[in-house]
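Peer 1: Sequence:
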Amino acid sequence: MASRRRLLAWLAALPAAWLAARAAAREGRPLTAFAATSLEDALRAQYGDRPRLRDAALRIEAPQSADNAAQVPLRIDARSRPVLALTLFAEHNPVPLLGRWRFGEGVEAWLALRIKLAASGRVCAVAELADGALLYAETRVEVGTGACG
Numbered sequence: 009m010a011s012r013r014r015l016l017a018w019l020a021a022l023p024a025a026w027l028a029a030r031a032a033a034r035e036g037r038p039l040t041a042f043a044a045t046s047l048e049d050a051l052r053a054q055y056g057d058r059p060r061l062r063d064a065a066l067r068i069e070a071p072q073s074a075d076n077a078a079q080v081p082l083r084i085d086a087r088s089r090p091v092l093a094l095t096l097f098a099e100h101n102p103v104p105l106l107g108r109w110r111f112g113e114g115v116e117a118w119l120a121l122r123i124k125l126a127a128s129g130r131v132c133a134v135a136e137l138a139d140g141a142l143l144y145a146e147t148r149v150e151v152g153t154g155a156c157g
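Position one of the sequence shown corresponds to residue 9 (my numbering), numbered consecutively onward.
Simulated from the structure, these hints should not be mistaken for laboratory data. Treat the hints with caution; some may be incorrect.
[Said to hold, decoys possible] Keeping only pairs whose Cα atoms sit at most 20 Å apart, straight-line, the calculated DMTMM-like set for lysine to aspartate or glutamate is:
1. Lys124 <-> Glu150
2. Lys124 <-> Asp75
3. Lys124 <-> Glu69
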């Protein structure tokens, strides 16, 4: 009997836990930037008119030419500065904002991942520093087959 009550209490708590987790996931989500359809609109939605400085402290490594647009390897490195977040954009994708990663204090900010590109174009990264400054880096990638669209 006690185990059935415990099960019923657990089942009753599931919807509340699901709603709380969903609300927490939405908090701080850049909905306007995700809704943007151009690179410039996505950057403006995410950062407003804040200046983005080109600095060697933020580097993007990508192939100049990728045979398969569905799997373009990238490395983003901002380990030389204290970074709070890295945000990645692709110029011609249907949704230019690809993702945003937050880093805790003392964590070295670098990523190695594969992205899917809709067409040849710029891939941009923005690093938000602990002092509030924004660093900007971009590279151009020419793609072959497998583009999204």
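Peer 1: Quick check: which numbered hints come out false for this structure?
Peer 2: No numbers; nothing is violated.
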